[in-house]
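Undergrad: Model the full assembly from the supplied sequences, consistent with the hints where possible.
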Amino acid sequence: MIHQFSYMAPTELDDLLALLDTTKGGFKLLAGGTDLLVNIRNGLLKPDLVIDVKRIAGAGAITYDVEKGLQLGWATTINDIISSTEIAKHYPLLQACACDLASYQVRNRATVVGNIVNASPCSDMAPALLCLDASILVATATTRKTIPIQKFFTGVKQTVLQPREMVVGITIPSHTKDSKGVYRKLKRIQGHDLGIVGVAVAMVEGRLRIAVSSAAPTPVITDDLPLDVSAPDALYAVERIINPISDIRCTKEYRRFMVSEFTKRLIQEVRA
Amino acid sequence: MYENNDPKTLTYVGKSALRKDVGDKLTGKAMYVSDMKLPGMLYAQVKKSPHARARIVHIDTAKAEALPGVRAVLTGDDLSYRIGLYIVDKNILAKGEVRHYGEAVAAVAATSLEIARKAVDLIEVEYEVMQPVLNHMDAMKEDAVLVHPDLGSYEYLESSFTPVPNTNIANWTKLRKGDVEKGFKESAYIVEREYDNPSVQHVPMETHVAIVQWGPRDTVTIWTSAQSPFTVRNLFCHTFSLPLGKVRVIVPAVGGGFGGKAGIHLEPLVACLSRKAGGLPVKFQATREEEFSLLPCRSALTYRIKTGVSLEGKILAQKMEMFWDAGAYADYAVNVTRASGYSASGPYEIPNAWVDAYTVYTNKPYGTAYRGFGHVEFHWGVERHMDLIAKIIGIDPLEFRKKNALRPGSITLTGEKITAHTGNVIACMDAVAKSIKYGKLTAAEKRREAETGKKIGKGIALLQKAPAMPSNTATAAVIKMNSDASVTVNIGLTEIGQGSTTALAQIVAERLGFDLDKVYVKLEKDTESDPYDWQTVASKGLLMSGNACILACEDMLRKGYAVASHILKAGVEDLAHDGERIYVKHDEENSISWQKIAVGYAYPDGESIGGPLIGVGSYIAQGLSNLDKQTGQGKPALDWTFGAHGIICEVDPVTGEYAVRKIASAFDVGKVVNPSLLRGQIVGGMLQGLGTAVCEGYIYDEAGHLLNPSFTDNKIPTSRDLPMEIETIAVESSQIDGPYGARGVAEHPMISVAPALGNAIQSAVDADLLHMPIRAEDVWRAMHNHHPIDNWITKTPTGSCRSDPAARRHTPDAAISP
Numbered sequence: 001m002i003h004q005f006s007y008m009a010p011t012e013l014d015d016l017l018a019l020l021d022t023t024k025g026g027f028k029l030l031a032g033g034t035d036l037l038v039n040i041r042n043g044l045l046k047p048d049l050v051i052d053v054k055r056i057a058g059a060g061a062i063t064y065d066v067e068k069g070l071q072l073g074w075a076t077t078i079n080d081i082i083s084s085t086e087i088a089k090h091y092p093l094l095q096a097c098a099c100d101l102a103s104y105q106v107r108n109r110a111t112v113v114g115n116i117v118n119a120s121p122c123s124d125m126a127p128a129l130l131c132l133d134a135s136i137l138v139a140t141a142t143t144r145k146t147i148p149i150q151k152f153f154t155g156v157k158q159t160v161l162q163p164r165e166m167v168v169g170i171t172i173p174s175h176t177k178d179s180k181g182v183y184r185k186l187k188r189i190q191g192h193d194l195g196i197v198g199v200a201v202a203m204v205e206g207r208l209r210i211a212v213s214s215a216a217p218t219p220v221i222t223d224d225l226p227l228d229v230s231a232p233d234a235l236y237a238v239e240r241i242i243n244p245i246s247d248i249r250c251t252k253e254y255r256r257f258m259v260s261e262f263t264k265r266l267i268q269e270v271r272a
Numbered sequence: 001m002y003e004n005n006d007p008k009t010l011t012y013v014g015k016s017a018l019r020k021d022v023g024d025k026l027t028g029k030a031m032y033v034s035d036m037k038l039p040g041m042l043y044a045q046v047k048k049s050p051h052a053r054a055r056i057v058h059i060d061t062a063k064a065e066a067l068p069g070v071r072a073v074l075t076g077d078d079l080s081y082r083i084g085l086y087i088v089d090k091n092i093l094a095k096g097e098v099r100h101y102g103e104a105v106a107a108v109a110a111t112s113l114e115i116a117r118k119a120v121d122l123i124e125v126e127y128e129v130m131q132p133v134l135n136h137m138d139a140m141k142e143d144a145v146l147v148h149p150d151l152g153s154y155e156y157l158e159s160s161f162t163p164v165p166n167t168n169i170a171n172w173t174k175l176r177k178g179d180v181e182k183g184f185k186e187s188a189y190i191v192e193r194e195y196d197n198p199s200v201q202h203v204p205m206e207t208h209v210a211i212v213q214w215g216p217r218d219t220v221t222i223w224t225s226a227q228s229p230f231t232v233r234n235l236f237c238h239t240f241s242l243p244l245g246k247v248r249v250i251v252p253a254v255g256g257g258f259g260g261k262a263g264i265h266l267e268p269l270v271a272c273l274s275r276k277a278g279g280l281p282v283k284f285q286a287t288r289e290e291e292f293s294l295l296p297c298r299s300a301l302t303y304r305i306k307t308g309v310s311l312e313g314k315i316l317a318q319k320m321e322m323f324w325d326a327g328a329y330a331d332y333a334v335n336v337t338r339a340s341g342y343s344a345s346g347p348y349e350i351p352n353a354w355v356d357a358y359t360v361y362t363n364k365p366y367g368t369a370y371r372g373f374g375h376v377e378f379h380w381g382v383e384r385h386m387d388l389i390a391k392i393i394g395i396d397p398l399e400f401r402k403k404n405a406l407r408p409g410s411i412t413l414t415g416e417k418i419t420a421h422t423g424n425v426i427a428c429m430d431a432v433a434k435s436i437k438y439g440k441l442t443a444a445e446k447r448r449e450a451e452t453g454k455k456i457g458k459g460i461a462l463l464q465k466a467p468a469m470p471s472n473t474a475t476a477a478v479i480k481m482n483s484d485a486s487v488t489v490n491i492g493l494t495e496i497g498q499g500s501t502t503a504l505a506q507i508v509a510e511r512l513g514f515d516l517d518k519v520y521v522k523l524e525k526d527t528e529s530d531p532y533d534w535q536t537v538a539s540k541g542l543l544m545s546g547n548a549c550i551l552a553c554e555d556m557l558r559k560g561y562a563v564a565s566h567i568l569k570a571g572v573e574d575l576a577h578d579g580e581r582i583y584v585k586h587d588e589e590n591s592i593s594w595q596k597i598a599v600g601y602a603y604p605d606g607e608s609i610g611g612p613l614i615g616v617g618s619y620i621a622q623g624l625s626n627l628d629k630q631t632g633q634g635k636p637a638l639d640w641t642f643g644a645h646g647i648i649c650e651v652d653p654v655t656g657e658y659a660v661r662k663i664a665s666a667f668d669v670g671k672v673v674n675p676s677l678l679r680g681q682i683v684g685g686m687l688q689g690l691g692t693a694v695c696e697g698y699i700y701d702e703a704g705h706l707l708n709p710s711f712t713d714n715k716i717p718t719s720r721d722l723p724m725e726i727e728t729i730a731v732e733s734s735q736i737d738g739p740y741g742a743r744g745v746a747e748h749p750m751i752s753v754a755p756a757l758g759n760a761i762q763s764a765v766d767a768d769l770l771h772m773p774i775r776a777e778d779v780w781r782a783m784h785n786h787h788p789i790d791n792w793i794t795k796t797p798t799g800s801c802r803s804d805p806a807a808r809r810h811t812p813d814a815a816i817s818p
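Those protein sequences? They're chains A and B, same order as listed. Those letters in the first sequence? Residues 1 to 272, by the numbering used here. Those letters in the second sequence? Residues 1 to 818, by the numbering used here.
The hints are simulated quantities; they were obtained by calculation from the structure and are not laboratory data. Please read these numbers as outputs of a predicted model, since none were measured by experiment. Positions of the beta carbon are idealized from the N, C-alpha and C atoms, including for glycine. Do not rely on the hints blindly, as some may be mistaken.
Claimed, not checked - A few chain B residues that face chain A, going by a derived Cβ cut-off under 7 Å, partial list only: (1) T655; (2) C695; (3) I699; (4) L707; (5) N708; (6) D713; (7) K715; (8) P717; (9) T718; (10) R720; (11) D721; (12) E777; (13) I789.
TA: Put into structure tokens, the structure is as follows:
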């Protein structure tokens, strides 16, 4: 045992939210645990209580409706996304990003919600969710609200979420369904790796949008661009939203270059 | 040991056989030290230095000692033992000063891992941080901070090494052959370049782990995940002044070593904790992160090569300067320096050669043995250099290599004459060239280029390596016949994945004429019951233990024949045998089964003769000599294994991203003992080489903190990084003193993968790559002539810096017109 903590796994969402409201001391929510357990093991987090969110019926649900769009549960795993035929059909960009996230074994555990609440600049799911106008459903014991993904991230590993709030689902609206989209990630090895940069380009309702990860404190997205946008204009739009750093993975010059090169290529690909 | 056997007459040697250890390893039945738990066992944890160089002002262990469950706490002041393989320069726990990030400062043993961790957190260490010396080229400067001011007083192995007191030079290996100045004067071209490799980690699947029990009357039992039980015992007994018979080292299944588990590592510290805890067994297993900085890595290298070449493309002279980054302790790095020094040219004849190879202390985690023992690192320089020279003088790189390659009659750097039985490097080169269709693009490849916009390049690199070992390296085998006429083989060589257990069983079955299923090779090693073996390193296992096994087989047959001769009333010269029995050649009915004489024969009347049949074989390296310290001349090599890799690589000419499409690898193994094991060895080594070529390397900040001490940012390749097509080729020029003509090929597949890749990328997009690894960004920078990234000591987190441009000079070519 590296760090001793209490563990609870409510089976009703209301019980879980009530627990969040009343619990004292430090707690953490456990979904896939692919970040939480690693951080506990490394001594970076020492929660008194770990609350498992997976035991509630519907936690990992995926529902699709022509009118309402796609609804993801708070514990929907990345491999759930990959194996869904409806997502394959209507939201291919979501799958493109999911396929590039970590390894098969990690994808069995890792959740879409975990990927965004962790708010890493190199989130693989964020570019797709940004392009597809996802909304994040946030709940407390007494409130419910919806936050557009564009307003969700506030900084490196930071979101608008308050301590006793929990993400209880993600909605991807029907107006972005059947959008063509492509994702490309620069990695150090062919196997699982964090993105050095990631670029997604989507064609949504006749407009182009470009989302970028690992090139700014948060995943970022351009304003909508005309479908026939010129390469220099598209690159200008991307340049304005990114702010890459140099670190041990890459220099900022190369990050900047690769974002622009991926953007150019992906625009051609998505138009093809 | 080579008998000129017609391959058709061989039953097992030369044929694939299932690995003897595969079932137990795949089902989880095999026992590793990681799995072991002894009654009353304590768990150890280590307090590590967060600084690269600091004075230890004070250590307060009071709170840790007071914690319930803690049984032992140790600091450097409690221990008065210094250890070191070749230079005795390391304290078991830092004393007075820490010399690298991650160095052990204090240790705890407690009744649970959790308590041990808590206790380590409670130890308070006050440091006075000092300016470290990090770059090994900086450490060579006259005014450099000294990592070991007392170097001049340290004990060291004088026959092989030359430390320079009052400097950071732990060893200076020299080699002088012919007259280099004269050679340069006669040269039409002189090409000089500098090549770099960073430090990398072995990454064995099983991290370092040891359990030690310091029992009554100083009897010590050590269970350890180690390559070399007898060397652990020797060095342990030397450190603690104990008789060898009191210390027993047991090595069960080992989850990979790659050189990182050669020599001695955790055992002395764990032993001291056990002694302090009143003799309870203590276990310490390193975390993956501790593998990167508490335990040693592979040394970084800066290699300068200056080559003089004639108009016709013959190398006339070569000056080679190697700067090996030892890190804080000499460990194996001094011997890597020595072994690389005498092999520094690669497989080429250099008539006039000058080598200065330095091992340089710095305030970084220290270097140790790593598959290839320096040859991976310096072949990067040598084999990139050969391509760059060929380009400069306008000659085909393979033709240039062929003109200069070692062949029968050539004289090596140390004065050894190559014969037809030494091995054939040109045959290896030709084989891989053919496999990748070197020198041109096929129609399909041209089509692919047109379709993808990518550039396809092909590159080849050669290699050589001999075992780096003392001239008196020895081993032995004991073969015991069981009463069912099966045999059990005891050898001191450990099974670390190389497959010796299987290959040696094949050799024993072949020589005895027994069924392979009747040959058991004991997997667990125990210094109390197994015969001596120096170490499981250097790719010497197959040749030396193979020979010892053959000798032991012959001894057993001789003893069996002697007994049978009495029973059958025939001269031993009239006897022959098969897997079942010994019989009289001219009267085959007259025979006695092995079973009946296995543990002694009883006549029908009850009288008995013979006794248990045991064959013993001892083998020692022959004809080797220490090298002259001034000239490097002598005979260091038991056998040379030559090889070549050819790579087809596809490069994005805009971004520098690339993918290896095909790799062909050929080795002159003398004789293939087991084709499937050989392919496994080649593919594994090749991928390990590809990892260091593509992405691996330690990165430090300017204070000497390791910035990538885990898999998050110290990536290794996975199966998805395997090239799409892999061809493995065996060349067989018999080794006269090898078992059935075989020689070792354990380390070799890793060597020269990186330069083959570099040469392929150069041929695709003309990127002059001089530094390993080759990341997409490095190719992009090389293509666009941007400054290379200063990878290895960097400002963090924003922006990298060049640590000292003067220490990283690049001499422009001096191309002298004739």
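Undergrad: Next, verify each hint and record whether it holds.
TA: Hint check results:
no. : hint : in the structure
1   : T655 : holds (5 Å)
2   : C695 : holds (5 Å)
3   : I699 : holds (5 Å)
4   : L707 : holds (5 Å)
5   : N708 : holds (6 Å)
6   : D713 : holds (6 Å)
7   : K715 : holds (5 Å)
8   : P717 : holds (5 Å)
9   : T718 : holds (3 Å)
10  : R720 : holds (4 Å)
11  : D721 : holds (5 Å)
12  : E777 : holds (4 Å)
13  : I789 : holds (6 Å)
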